[in-house]
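Residue-level listing of the chains:
Number of protein chains: 2
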Amino acid sequence: SALAMATPEKTADKNPTSIGWDTHKPVSVIPDSLVREGDGPDGNYPMRAKFEAMCREAQKKITAQIAEIDGEATFQEDCWTRANGGGGMSRVLANGKVFEKAGVNLSVVYGSMPQEALQAATERGVDRAKGMAPGERVPFFACGLSSVMHPRNPHCPTMHFNYRYFETDGGVWWFGGGTDITPCYIDEEDMAHFHGTYKRVCDNHDEKFYPEFKAWADRYFVISHRNETRGLGGIFFDDLNDRDPDKIFAFSTEALNSVVDAYGPIIERHKNDEYTEQEKIWQQIRRGRYVEFNLVYDRGTIFGLKTGGRIESILMSLPQTTRFEYDHKPEEGSREWDFLQACKHAREWV
Amino acid sequence: SALAMATPEKTADKNPTSIGWDTHKPVSVIPDSLVREGDGPDGNYPMRAKFEAMCREAQKKITAQIAEIDGEATFQEDCWTRANGGGGMSRVLANGKVFEKAGVNLSVVYGSMPQEALQAATERGVDRAKGMAPGERVPFFACGLSSVMHPRNPHCPTMHFNYRYFETDGGVWWFGGGTDITPCYIDEEDMAHFHGTYKRVCDNHDEKFYPEFKAWADRYFVISHRNETRGLGGIFFDDLNDRDPDKIFAFSTEALNSVVDAYGPIIERHKNDEYTEQEKIWQQIRRGRYVEFNLVYDRGTIFGLKTGGRIESILMSLPQTTRFEYDHKPEEGSREWDFLQACKHAREWV
Numbered sequence: 001s002a003l004a005m006a007t008p009e010k011t012a013d014k015n016p017t018s019i020g021w022d023t024h025k026p027v028s029v030i031p032d033s034l035v036r037e038g039d040g041p042d043g044n045y046p047m048r049a050k051f052e053a054m055c056r057e058a059q060k061k062i063t064a065q066i067a068e069i070d071g072e073a074t075f076q077e078d079c080w081t082r083a084n085g086g087g088g089m090s091r092v093l094a095n096g097k098v099f100e101k102a103g104v105n106l107s108v109v110y111g112s113m114p115q116e117a118l119q120a121a122t123e124r125g126v127d128r129a130k131g132m133a134p135g136e137r138v139p140f141f142a143c144g145l146s147s148v149m150h151p152r153n154p155h156c157p158t159m160h161f162n163y164r165y166f167e168t169d170g171g172v173w174w175f176g177g178g179t180d181i182t183p184c185y186i187d188e189e190d191m192a193h194f195h196g197t198y199k200r201v202c203d204n205h206d207e208k209f210y211p212e213f214k215a216w217a218d219r220y221f222v223i224s225h226r227n228e229t230r231g232l233g234g235i236f237f238d239d240l241n242d243r244d245p246d247k248i249f250a251f252s253t254e255a256l257n258s259v260v261d262a263y264g265p266i267i268e269r270h271k272n273d274e275y276t277e278q279e280k281i282w283q284q285i286r287r288g289r290y291v292e293f294n295l296v297y298d299r300g301t302i303f304g305l306k307t308g309g310r311i312e313s314i315l316m317s318l319p320q321t322t323r324f325e326y327d328h329k330p331e332e333g334s335r336e337w338d339f340l341q342a343c344k345h346a347r348e349w350v
Numbered sequence: 001s002a003l004a005m006a007t008p009e010k011t012a013d014k015n016p017t018s019i020g021w022d023t024h025k026p027v028s029v030i031p032d033s034l035v036r037e038g039d040g041p042d043g044n045y046p047m048r049a050k051f052e053a054m055c056r057e058a059q060k061k062i063t064a065q066i067a068e069i070d071g072e073a074t075f076q077e078d079c080w081t082r083a084n085g086g087g088g089m090s091r092v093l094a095n096g097k098v099f100e101k102a103g104v105n106l107s108v109v110y111g112s113m114p115q116e117a118l119q120a121a122t123e124r125g126v127d128r129a130k131g132m133a134p135g136e137r138v139p140f141f142a143c144g145l146s147s148v149m150h151p152r153n154p155h156c157p158t159m160h161f162n163y164r165y166f167e168t169d170g171g172v173w174w175f176g177g178g179t180d181i182t183p184c185y186i187d188e189e190d191m192a193h194f195h196g197t198y199k200r201v202c203d204n205h206d207e208k209f210y211p212e213f214k215a216w217a218d219r220y221f222v223i224s225h226r227n228e229t230r231g232l233g234g235i236f237f238d239d240l241n242d243r244d245p246d247k248i249f250a251f252s253t254e255a256l257n258s259v260v261d262a263y264g265p266i267i268e269r270h271k272n273d274e275y276t277e278q279e280k281i282w283q284q285i286r287r288g289r290y291v292e293f294n295l296v297y298d299r300g301t302i303f304g305l306k307t308g309g310r311i312e313s314i315l316m317s318l319p320q321t322t323r324f325e326y327d328h329k330p331e332e333g334s335r336e337w338d339f340l341q342a343c344k345h346a347r348e349w350v
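Top line first, the protein sequences correspond to chains A and B.
FYI, the numbering for the first sequence is 1 to 350, going by my numbering.
FYI, the numbering for the second sequence is 1 to 350, going by my numbering.
Since the hints were made in silico from the structure, they are not lab data.
Check before you lean on any hint, since a few could be wrong.
One copy or two, either will do: identical chains are not told apart, so a pair holds if it fits within one copy or between any two.
To be verified - Listed next, the in silico DSS-like pairs over lysine-lysine satisfying Cα-Cα at most 27 Å (straight line): (1) Lys97 <-> Lys280; (2) Lys25 <-> Lys208; (3) Lys208 <-> Lys97; (4) Lys50 <-> Lys60; (5) Lys25 <-> Lys271; (6) Lys271 <-> Lys208; (7) Lys247 <-> Lys329; (8) Lys306 <-> Lys271.
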């Protein structure tokens, strides 16, 4: 903490918005649905159960496909529920042949938040909160599927995705999500495949989506203190509520179900590539940067850590092994240097 | 980011207090003093130059002693200055025989902060800010020496210290600092030596210091989301301004110059200990926890990252290699489990 002396200890950071949820309870078998009974398909909030079912289906499919690519390890399943509704299921593969660590987490949350948080989160929230008493908290529901996969081979990129649906009891709702890729070397063909897959998915729903969500990913996945992205982007969106929810649901569903199409072939292509010790060290250094992003900037991670989420599920995103070297600078013109340039100046891949 | 869906993206975290400093400029030779000319021993703020000189002396001495314990690697020196005064010097030893990474950073900062930050930071600040116009920022000076040392051998603990002096141009001042130790196994003799050394140092100045500052360290170095400390404590204090500054200066000086007395013998005793692969893995897991603390909770680190400090100096505190394992739980009754118990329930060591 080189600069601790410049920090008035008591004011340096603020507590995050309290969403006041209860702690989780491990269960051996997950209920058929984590959504409260009244929120089911025949209830007031049909999208809640619909989105959860879609996520659970995708979790099953994706983990089966990834286990097949790995060929050796299997996913360990951990389930939990919460007293006031909601819960989750983590599926984590560790010490595989291809993957050092790969996790896919389902999470369903019932909580409440201050009106100001809602107002800041979405423009429509302002209207919704107008009729409420000052200080009154807004109950909300959130469901999402998120994942990070860290392969062993330095020529196999890390991949992250997160698709989520958010809805207040007042009926304000939005979708968010994205899939992004973090190699440690540039492979033009890989990037054209990954970004190309998501461009096609986006184009099936709205031709404005890919350029907008690609640029959003380039802005979001930035390690600000280093002025570089953590990887080579993908798509990212949030607060999406500008059309029929069923249309956004269809887009989210296709994006989520395209993860393995976008990522799998890249892993198959490189999982047996030879590599040098230097390449492995570079991968480890880049994984250190991944940790810096996740623990310092990723709002979901920080929020989860400070508000009582299931720690092991939140932190499954951290790579199994990392390296933090003092003042590491790749030689100008090297492949490592090329990669860093692409992290400092976002490029188009399709 | 398992819980990203529960986070209103735009409100999850706040920007830290801006202290509005200028960026640093590398220099090959460090000036004799980084303190502004008017702040010298004959100027208005004699403690500024006095504290800096003391830190620089200690930096030289400590790095010489640590290099001798390592026996192979030497410290790399990086110096920088800032246009409006201040600057720093990092001394980092990497890839040593005994130490994987060891750094000692000198930092001198001139900045300004909002009155509210000052008022929150120290009670006397309230009075000082009373005569100021609303919104007027408070210029301040800060100087500190900080360090983290990560040995290779899992039986050699990591050690951290940070001693600092803080003063506004209005004359509000305080001292802060501490030294703490992070082994990954309990060695009662080591802990009695480390804590015993600092108890003697404290007792030389005020018999209330050790019990108070030991308890403060146990409260401060907590990985809150895991409800465990990062290590086995030491001393920590802040906002100390309740007596003649020369008396606190004398205490800070002795505490800083006792770092190697407290830590060196432990390293000498264990640097050639044999260890198993399992012990090395456990060390790596505990180093992952060290990263979690530093990037999520250490206010100096976060503040530095978000306000334009010299990144490589701030992050020299991160261990060179780490491990993040999913849901790792030591076997009940094992030495790893014993260690965790001590992290969950603070113990007395002297």
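Going through the hints against the structure:
Both within a single protomer and between protomers do Lys97 and Lys280 lie at most 27 Å apart by alpha-carbon distance, with minima of 16 Å and 22 Å respectively. Taking CA atoms no more than 27 Å apart as the test, Lys25 paired with Lys208 passes in neither setting, with 42 Å inside one copy and 43 Å between copies. Taking the shortest Cα distances, Lys208 and Lys97 never come within 27 Å of each other, neither inside one copy (39 Å) nor across copies (56 Å). For the identical chains of this complex, Lys50 and Lys60 are intra-copy neighbours only, at 16 Å inside a copy versus 65 Å across copies, given an alpha-carbon limit of 27 Å.
Within a single copy, Lys25 and Lys271 get their C-alpha atoms no closer than 37 Å, and across copies no closer than 43 Å, so neither meets the 27 Å cut-off. For the identical chains of this complex, Lys271 and Lys208 are neighbours neither inside a copy (34 Å) nor across copies (60 Å), given an alpha-carbon limit of 27 Å. For the identical chains of this complex, Lys247 and Lys329 are neighbours neither inside a copy (46 Å) nor across copies (44 Å), given an alpha-carbon limit of 27 Å. Proximity of Lys306 and Lys271 under a CA criterion of 27 Å is satisfied in neither setting, with 37 Å inside one chain copy and 37 Å between copies.
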